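Engineer: Chains F and W supply the protein sequences, listed in that same order. Oh and the first sequence: position 36 is 54 in my numbering, straight run, nothing missing. Oh and the second sequence: position 98 is 376 in my numbering, straight run, nothing missing.
To be clear, the hints were calculated from the coordinates, so they are not data collected in a lab. Keep in mind that the hints are not guaranteed to be accurate.
Unchecked claim - Straight-line C-alpha distance at most 27 Å; calculated DSS-like pairs for lysine-lysine: (1) F:101 to F:91; (2) F:77 to F:63; (3) F:101 to F:84; (4) F:77 to W:381; (5) F:23 to F:91; (6) W:381 to F:91; (7) W:381 to F:101; (8) F:23 to F:84; (9) W:317 to F:84; (10) F:77 to F:23; (11) F:101 to F:77; (12) F:91 to W:320; (13) F:77 to F:91; (14) F:63 to W:317; (15) W:381 to W:317; (16) W:320 to F:23.
Here the structure is a predicted model, which is why all the values come from computation and not from measurement.
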Amino acid sequence: QVTLKESGPGILQPPQTLSLTCSFSGFSLNTYGMGVGWIRQPSGKGLEWLANIWWDDDKYYNPSLKNRLTISKDTSNNQAFLKITNVDTTDTATYYCARTTLGWFAYWGQGTLVTVSS
Amino acid sequence: DIQMTQSPASLSASLGETVSIECLASEGISNSLAWYQQKPGKSPQLVIYGTSNLQDGVPSRFSGSGSGTQFSLMISGMQPEDEGVYYCQQTYTYPRTFGGGTKLEL
Chain F
19 QVTLKESGPG ILQPPQTLSL TCSFSGFSLN TYGMGVGWIR QPSGKGLEWL
69 ANIWWDDDKY YNPSLKNRLT ISKDTSNNQA FLKITNVDTT DTATYYCART
119 TLGWFAYWGQ GTLVTVSS
Chain W
279 DIQMTQSPAS LSASLGETVS IECLASEGIS NSLAWYQQKP GKSPQLVIYG
329 TSNLQDGVPS RFSGSGSGTQ FSLMISGMQP EDEGVYYCQQ TYTYPRTFGG
379 GTKLEL
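Chain F extracted, bound-state conformation (with noise of 0.2 Å):
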């Protein structure tokens, strides 16, 4: 059974660094071809992607957030990590790890509300 459930400090201020962990059990990210991927949700909005890692610890990363964003894992524990620089109210959301695969998110976490403000 694949599980995955995120966990995070949901309030902090600008322009602290957001921290994230996803921590996951029912598959391995030793295994080929598996990943983990950061989406988040702003409330009432719609799902924007943030990052993958690969089994292979290859990282692809969202543009849009330009170099504030970087993701980890840690095979031994299970967990992938994601942490956002520099943030503002506008990283105010909802924050989900899902595995990957083949580019869709089959397993998601509940998601973690983080919110940024002064």
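Put chain W on the given structure of chain F with help from the hints.
Structural biologist: Chain W alone, transformed into the frame defined by chain F:
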């Protein structure tokens, strides 16, 4: 970036009605398209991948079609549990991009 445009933005259907949601890509993406359903307060759930492949556990009244730049999701016989917001996503290239969503109500 490839832009994904969904239509309509919202849709009201009757019980048992056949419903269709369209997704237009700004450039060709072959058959690299997925559809998700999201219910209020819940995470998105994969409905269809590779344009027309039904995810495990999804009712057979859901179907997908298209290729290149034009895609559609069809629900043959609307049920109450089908209410939600539907998103398309291109899986062809980076950055991955989603459509703006279609809100489907009964």
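Engineer: Hint by hint, which ones does this structure get wrong, listed from lowest number up?
Structural biologist: Going through the list in order, the structure violates hints 4, 6, 7 and 9 and respects the others.
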